[in-house]
Amino acid sequence: MTDIPSDDIPVFNDYFAIFSRRKYRMLLVGIGVFCLAILTAILWPATFRSSATILIEEPNAADAFFKSNPGNFADEQLQAIQQRVLTTQTLITVINKLNLYPDARLSQPLDLIVDMMRTKIHMDVVSADAIDEKSGRAARAAIAFTLAFDGNSPEVAQQVTNELVNLYLAENQRSRDEQAAATAGFFSGESRRLQLNMQRLGAALGKFKEDHAGFLPDDQMANVQLLDRTQSQVLELTQQVRALRDRQGFLQSQLSLTDPVAQIRVADPALMSPDAQLAMLRSQYAQASARYGAQHPYVVAMKRQIDGLVAAGVNGGSSSDMLAAQLQQLETQRDIAMQRYGSKHPDVVKLNRQIEATKSRLNAAGRAGRLPSNPVYLQTQTQISGIGSEINAVEQQLREAQAKSAEIEDRLIKSRALERDYEALKRDYDAAVTQYMAVKGKEDEAEIARNLEAEQMVTKLSLIEPPLKPVAPIKPDRVLLLAAGLLMAVVAGIGLGIVSDLMAGRVNGARQLTRLAGGAPFAVVPVIQSQADVRHSRVTTISSLVLIIVACAVVLSYLHLFIAPLDVIWADILGWLGIF
Amino acid sequence: MEQVEQALRKAREQGQTTTRGFFRRAWGRGREPASFSYTQTRTDHLVPEILERNRVVAAQFQHPLTDVYRTLRAQVLQALHHDGKTTIGITSANPDEGKTLTAVNLAIATAMDENKTVLLVDADLREPGVAACLGIEPSYGLEDYLTGTATITDCLVNPGIERLAILPAKTRMGNSAELLASSNMLQLVWELKTRYPNRLIIYDLPPVLTISDTISFLPAIESTLLVVRDGATRTSELSRALHLLANHNLIGTVLNAAQ
Numbered sequence: 062m063t064d065i066p067s068d069d070i071p072v073f074n075d076y077f078a079i080f081s082r083r084k085y086r087m088l089l090v091g092i093g094v095f096c097l098a099i100l101t102a103i104l105w106p107a108t109f110r111s112s113a114t115i116l117i118e119e120p121n122a123a124d125a126f127f128k129s130n131p132g133n134f135a136d137e138q139l140q141a142i143q144q145r146v147l148t149t150q151t152l153i154t155v156i157n158k159l160n161l162y163p164d165a166r167l168s169q170p171l172d173l174i175v176d177m178m179r180t181k182i183h184m185d186v187v188s189a190d191a192i193d194e195k196s197g198r199a200a201r202a203a204i205a206f207t208l209a210f211d212g213n214s215p216e217v218a219q220q221v222t223n224e225l226v227n228l229y230l231a232e233n234q235r236s237r238d239e240q241a242a243a244t245a246g247f248f249s250g251e252s253r254r255l256q257l258n259m260q261r262l263g264a265a266l267g268k269f270k271e272d273h274a275g276f277l278p279d280d281q282m283a284n285v286q287l288l289d290r291t292q293s294q295v296l297e298l299t300q301q302v303r304a305l306r307d308r309q310g311f312l313q314s315q316l317s318l319t320d321p322v323a324q325i326r327v328a329d330p331a332l333m334s335p336d337a338q339l340a341m342l343r344s345q346y347a348q349a350s351a352r353y354g355a356q357h358p359y360v361v362a363m364k365r366q367i368d369g370l371v372a373a374g375v376n377g378g379s380s381s382d383m384l385a386a387q388l389q390q391l392e393t394q395r396d397i398a399m400q401r402y403g404s405k406h407p408d409v410v411k412l413n414r415q416i417e418a419t420k421s422r423l424n425a426a427g428r429a430g431r432l433p434s435n436p437v438y439l440q441t442q443t444q445i446s447g448i449g450s451e452i453n454a455v456e457q458q459l460r461e462a463q464a465k466s467a468e469i470e471d472r473l474i475k476s477r478a479l480e481r482d483y484e485a486l487k488r489d490y491d492a493a494v495t496q497y498m499a500v501k502g503k504e505d506e507a508e509i510a511r512n513l514e515a516e517q518m519v520t521k522l523s524l525i526e527p528p529l530k531p532v533a534p535i536k537p538d539r540v541l542l543l544a545a546g547l548l549m550a551v552v553a554g555i556g557l558g559i560v561s562d563l564m565a566g567r568v569n570g571a572r573q574l575t576r577l578a579g580g581a582p583f584a585v586v587p588v589i590q591s592q593a594d595v596r597h598s599r600v601t602t603i604s605s606l607v608l609i610i611v612a613c614a615v616v617l618s619y620l621h622l623f624i625a626p627l628d629v630i631w632a633d634i635l636g637w638l639g640i641f
Numbered sequence: 093m094e095q096v097e098q099a100l101r102k103a104r105e106q107g108q109t110t111t112r113g114f115f116r117r118a119w120g121r122g123r124e125p126a127s128f129s130y131t132q133t134r135t136d137h138l139v140p141e142i143l144e145r146n147r148v149v150a151a152q153f154q155h156p157l158t159d160v161y162r163t164l165r166a167q168v169l170q171a172l173h174h175d176g177k178t179t180i181g182i183t184s185a186n187p188d189e190g191k192t193l194t195a196v197n198l199a200i201a202t203a204m205d206e207n208k209t210v211l212l213v214d215a216d217l218r219e220p221g222v223a224a225c226l227g228i229e230p231s232y233g234l235e236d237y238l239t240g241t242a243t244i245t246d247c248l249v250n251p252g253i254e255r256l257a258i259l260p261a262k263t264r265m266g267n268s269a270e271l272l273a274s275s276n277m278l279q280l281v282w283e284l285k286t287r288y289p290n291r292l293i294i295y296d297l298p299p300v301l302t303i304s305d306t307i308s309f310l311p312a313i314e315s316t317l318l319v320v321r322d323g324a325t326r327t328s329e330l331s332r333a334l335h336l337l338a339n340h341n342l343i344g345t346v347l348n349a350a351q
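Read top to bottom, the protein sequences are chains A and B.
For the first sequence, the residue numbers in this note's numbering are 62 to 641.
For the second sequence, the residue numbers in this note's numbering are 93 to 351.
Bear in mind the hints are in silico, worked out from the structure with no lab data behind them.
Even for Gly, the Cβ is constructed at its ideal location relative to N, Cα and C.
Honestly, I wouldn't trust all of these hints.
[To be verified] Stretch-level coverage of chain B by chain A, calculated; a stretch enters the list once three of its residues show a Cβ under 8 Å from a Cβ in chain A:
#, stretch
1, 140–147
2, 248–262
3, 313–326
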């Protein structure tokens, strides 16, 4: 009896007991909540939605080349259009044009109204499975989208949707035109820039080539070959020089063995040529005059003979030979005279003068001394001098070849040093050319695309389902609202009953008392109803029923008589609920 | 009910003198105490309509709830008989939980037993309810005896039911707690108990939680019965009441007004 159990957890039966105990309170709460739901359903303003479907048309000549935009006409592009269409300025224009929200505009700033309007515009993309052309992977391709506006009346919904559709289509057209033009412009500017760059690099490369002609790495192979060739030429010429020198030495040694003046052994002078005769006479004359003096008849005779021959035009050897012989003769005479008369003697002086004159004549004749007359000697001498000039020529060639070889070697060394700079220049130039070619190609494509754009050949939006005037509101679903209200009423009633019961913490039922008191109660006395109680409750029930019926009757008659016939109201209610 | 109606009818027919004889039989089987003069015991006629209205159903045999009180009677008597006790206090945690109704119905149900005589004492001096419940208007109440303005004989009322006497309280007393704890009251309790050992004395006590001095009066009574009203008494209050009564021979509980 003294034990007080602490656990007081209700079980199912207890809940049932609670329900039966609190049924009226629950009912009251439930009815209250349901009435609220009904009020909500009645007062919730209707929303009408008008929607249009816009097709995203792929271009007829759509292939990779003609695509004005890389990638397809995807959600983000639609989003971009939406962002541009749904600007505050545009929406304000629409609001003013269609005179939307006249009441709200009186009390609220326009920005708020525009924000509210934005929430009522819906865009849903209709997608289909497709294969991405570039990656080959499966992707969602947008094929169409719906544009809808929620308005308070069917007319407004339709008008605004129509306006929005026009804005979308116009914006699409404008943005695509702009985009194509911008793309073409970009590529054209880029190609100009790259062209300039390419030209600049080309000029630099040309100048470099000009500055370093022959030293360029490109000429290296040729230079190497040239060097080879020159070097072998040098070698050949060296050998040639050596051979010529050998031969010259040989000839010179032969020449030294040859008497330059030919020994004239002629038995019969008549057989001799006038020249030879003259030469012989002169040599004889020189001997004879030396031996006999000039006055000797023999000498004189010889003198005449010589003069005769000379007069006949015979030139016995060169004039210099004769002058030399004369000189020799004069010198001999002078030596004799000097020995005889001393050097101051007029003859000696005279002879000296003659010698001088002869010498000068001899000099004037270009040659002093005696000319070799031996043909072998002369031939050899001629050969030697020929070889000498040949050697000179070959040696000249050799020097030239050597100089050339050195120059080529120099070039090769220099070209290695230049190689890096040259390669860099060339690489830049090649790159510039490649870039230019690529951009040029794209520019051409963009130009073509722009032309196509003008001919409506690229992706465009087209209206396939114009906005219609909605016949029924989309919101609220009043039946659903009422159903939810009913459910909420039940839940709230039961929940509130249970919670209030648990919160009250009263002793409920014999079982709980038994648990709390530690023993069953001696007696469970039910509520004792006196006859007065029974009567009172009966009266209460009947009067409430009567009251309800009377109230209903009054309300219905009022509606029927003063508002509209009941069947009309009933039809209205069904329509309002969305049931026909 | 027949008996009651019979008694009432008899009382109406025979007047004061027959009533006295009726009560002589009911009051201790001829062994009258010297201090009580039965000739002066006031007899009030119980009106069945008033009883019915006040839910005093124990006297109506045909009423289905009579059995409930009979069961209660049997349980209480069994519990008291086991320890040889004759006094029981009926209380509750709070006012208006049905302790007076339970006390009255238990008293009547017990009086219906041929072998039992019952004295019902309204000890709830702050909110006396027994007289009103039975529809009687006594001249004196327990408070008059305690204040010395009346004798016990003046106070006793015979409600016209055999083997049942009532000691009602009449007016609301501001100092009810002091009166209950007074030596006069304790003396009365002791006297009532010792003088009629065969009689069951039922005290309609004040609620334990609202009248603080109820607790000081409890030791004078041999056993207590706690009335709990279904759906009204808080569990916390029940716990406190049980705790307070734990040391005062709480024999059991009654669940009143069960749904």
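Which numbered hints are broken by the structure, listed smallest first? 2
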